[in-house]
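All chains, please: the whole structure from these sequences, using the hints.
Line by line, the protein sequences are chains E and Y.
Each residue of the first sequence is one higher than the last, beginning at 1 in our numbering.
Each residue of the second sequence is one higher than the last, beginning at 316 in our numbering.
Hints are computed from structural coordinates only; laboratory data are not their basis.
Given the structure is predicted, the values throughout are model-derived calculations rather than measurements.
Glycine included, every Cβ here is placed at the ideal spot set by N, Cα and C.
There may be inaccurate statements among the hints.
[What the hints assert, rightly or not] Computed far set for chain Y versus chain E, every beta-carbon distance over 10 angstroms:
no.: 1; residue: P324
no.: 2; residue: W360
no.: 3; residue: A477
no.: 4; residue: G562
[Stated by the list, open to error] Quick list of the computed label-pair ranges, beta carbon to beta carbon:
no.: 5; chain 1: Y; residue 1: H582; chain 2: E; residue 2: W224; range: 31 to 39 angstroms
no.: 6; chain 1: E; residue 1: E50; chain 2: Y; residue 2: A448; range: 22 to 30 angstroms
no.: 7; chain 1: E; residue 1: V228; chain 2: Y; residue 2: V451; range: 48 to 56 angstroms
no.: 8; chain 1: E; residue 1: L107; chain 2: Y; residue 2: D553; range: 26 to 34 angstroms
no.: 9; chain 1: E; residue 1: R96; chain 2: Y; residue 2: L478; range: 53 to 61 angstroms
no.: 10; chain 1: Y; residue 1: V342; chain 2: E; residue 2: K53; range: 50 to 58 angstroms
no.: 11; chain 1: Y; residue 1: D362; chain 2: E; residue 2: V228; range: 47 to 55 angstroms
no.: 12; chain 1: Y; residue 1: D362; chain 2: E; residue 2: E50; range: 51 to 59 angstroms
no.: 13; chain 1: Y; residue 1: F394; chain 2: E; residue 2: V63; range: 41 to 49 angstroms
no.: 14; chain 1: Y; residue 1: D553; chain 2: E; residue 2: A6; range: 53 to 61 angstroms
no.: 15; chain 1: Y; residue 1: D362; chain 2: E; residue 2: R96; range: 42 to 50 angstroms
[Claimed, not checked] Rough simulated footprint, nothing fancy, chain Y against chain E, three-plus residues with beta-carbon under 8 angstroms:
no.: 16; segment: 101-109
no.: 17; segment: 129-142
no.: 18; segment: 145-155
no.: 19; segment: 255-266
no.: 20; segment: 270-281
no.: 21; segment: 289-303
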Amino acid sequence: MLRLIAQRLGLGLLTLLAASVLIFAGTEILPGDLASAVLQNTATPESLAEMRKELGLDRPAAVRYVEWLGNAAVGDFGRSLASHRDVVEEIAPRLRNTLFLASYAALVAVPLAVALGLMAAIWQGGVYDRAVNFVTLLTISVPEYLVGYILIKYLSVHLGWFPSLANVTPDTPLVQRIGLTFLPMLTLVLVVVAHMMRMTRASVLQIMASPYIEMAFLKGLPKWRVVVRHAFPNALAPIINVIALDLAYLIVGVVIVEAVFVYPGLGQLMVDAVSKHDVPVVQACGLIFAGAFILLNLIADMAAILSNPRLRHPR
Amino acid sequence: MRLFGHRVPLTALIGLAIIAINVVAAVGAPLIAPYDQAAVLGDAWADPTPQYVLGLDDLGRDLFSRLIYGARMSIGLAFVVTCLSFAIGIVTGFAGAVLRGWVDMLLSRIVDLLLSMPTLIFAFIVLSVLGTALPVLIVTIAILDSTKVFRLARALAMNIAALEYVEVARVRGEGLWWVIRREIFPNAVAPLVAEFGLRFSFAFLFIAALSFLGLGVQPPAADWGSMVRDYRDMINLDAMAPLYPAGAIAILTIGVNFVVDWMLAVHSRGHGEGA
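Structure follows, in structure tokens:
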């Protein structure tokens, strides 16, 4: 098993390396280089040449890639072209905010989705099951901003329960932070819970078809006990797998939810940087998002290995 | 109700109706919309009246008319992107499956590479350098999206290319292009059509999300995503304005998904069988 895990880890690192090449190449090989992107319409041949020199664009791309990657590995992403501040300094507080929001949403979404999925499996085919199925089918198609604005309109503007803007600062105390980010968290939860819940239900129901479950029923155990004690532990692996993949989806959702609630997170920073052609910031944000995406995919792979006894115990 | 010999369930009927209404609105926008999308008709955020069904927007333009023109932009863009992504994906996918060898290797590795990070993030990186002109948007999203079409087309063609009748055609001495066009393509059409619906709703949501973030369709042109962005501040004043375009996006996506679900179900049951 160790060999398999080492293989997956190596593969993950390789993927990250590939992503870094893509991120760098995406801003390099394209027609019109960084200098003309920065200067836009104000570019003259002289200012372009000067900008190229300043950005080091007169050296070959491969050299710059190795340099960029080497610096990134020790946590140096250069300076922002827009604010001229250190990129890491710009990113650090934003990353903390985004991680906070994402883990807050994950902490609520995962137990909720598993519980709802189990209930749907226990009452399979019943009114609850069909109702949940229909509602989740609808929410899967609904974009994050619609959910977000509906929540703002009813929970914030009408009822005044929660603030509509999640304007946290680095020294907002934790309790207040939880309240301020409640609506963004709820939006993310509503968007990801549907898929997680459906997959939990499907995984449990697949196990429910096995002979040992029938045996448990024949012993006279109540249905909830069969589902929770006999089926669920064996369905755990595919569930963890799906959850990890859904959390990877959360990365994209977070970018949009941050925009809805004007939350000072990494996604907002990246969107701003894209519209300002601030390439060093875009590259750094891109690398972090890609890294998180690859990490969660890796965890999904690992869960699949760990859950399979045939892979867990070497022959 | 039956369509092409298949019974159509209620959800699929609803889906088809939603798609039909949206397509009519998109194609016939100038005929259906009561006012021009750029015409300033009164005060900003005037309340709905029988004359202006949804009221006026931030610049005093008729909201309902703008929604109809927005359908044209949103659906048109998504359709063009999906067609392009299918053209790229099918050609490369079939080529990979039929030619095998280094061509297949190379194409598959490129696709793996493109799928190694979230599509939205990769789109950000490209847009940060190339800007957000419409052709750039269309080509970028189409290429990113074609990776998924490539995988499906390649898998389908691999399966079909292994069947006897394809071998017969090859032994008979038919050329590569003939085999793809006459033997493989007709047999891959059904699953590809369902995939077209899925890819369309993906491209549609993706463009809307980019526009909502201010990185998609730029003013004065407007699609539903950028309308949500333009009207978003009004939500704090308890207005419905941003919910109309956002709701339109959701409804069309749901409609397309209903139809795709039905097509996939029909396909998995085999041809001609009613349910």
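Report task. Would you check chain Y against the segment 289-303 of chain E, counting CB to CB pairs closer than 8 angstroms, and say if three or more residues qualify? Result -> It holds: at least three residues are needed, and the segment 289-303 of chain E offers 4 whose Cβ sits within less than 8 angstroms of chain Y.
Query - 10 angstroms Cβ clearance of W360/Y from chain E - result: Given a closest Cβ separation of 15 angstroms, the condition holds.
Query - Whether chain Y covers the segment 101-109 of chain E (at least 3 residues having a Cβ closer than 8 angstroms to its Cβ atoms) - result: Our answer is that it is violated, as 0 residues pass the Cβ test (under 8 angstroms) against chain Y, missing three.
Query raised in the report: Per the coverage rule (Cβ-Cβ under 8 angstroms, at least three residues), is the segment 145-155 of chain E covered by chain Y?
Result: Result for this restraint: holds, n = 6.
Query raised in the report: With a cut-off of 8 angstroms between beta carbons, are at least three residues of the segment 270-281 of chain E near chain Y?
Result: holds (count 8)
Requested in this report: Just tell me: holds or violated, for the beta carbon distance of H582/Y and W224/E against 31 to 39 angstroms?
Outcome: holds, 37 angstroms
Query - Supplied distance hint 51 to 59 angstroms, evaluated on CB atoms of D362/Y and E50/E - result: holds, 55 angstroms
Query - Hint check for V228/E and D362/Y - Cβ pair distance inside 47 to 55 angstroms - result: Roughly 54 angstroms apart at Cβ, these two residues keep to the hinted range, so it holds.
Query raised in the report: Range hint 41 to 49 angstroms: satisfied by the CB atoms of F394/Y and V63/E?
Result: With a Cβ separation near 43 angstroms, F394/Y and V63/E satisfy 41 to 49 angstroms, so the hint holds.
Query raised in the report: Range hint 50 to 58 angstroms: satisfied by the CB atoms of V342/Y and K53/E?
Result: Check passed, 52 angstroms falls within 50 to 58 angstroms.
Query - Assertion that G562/Y lies farther than 10 angstroms from chain E (Cβ) - result: violated, 6 angstroms
Query raised in the report: Minimum Cβ separation between A477/Y and chain E greater than 10 angstroms?
Result: For A477/Y, whose nearest Cβ neighbour in chain E is about 28 angstroms away, the distance exceeds 10 angstroms, so it holds.
In summary, the numbered hints that this structure violates are 4 and 16.
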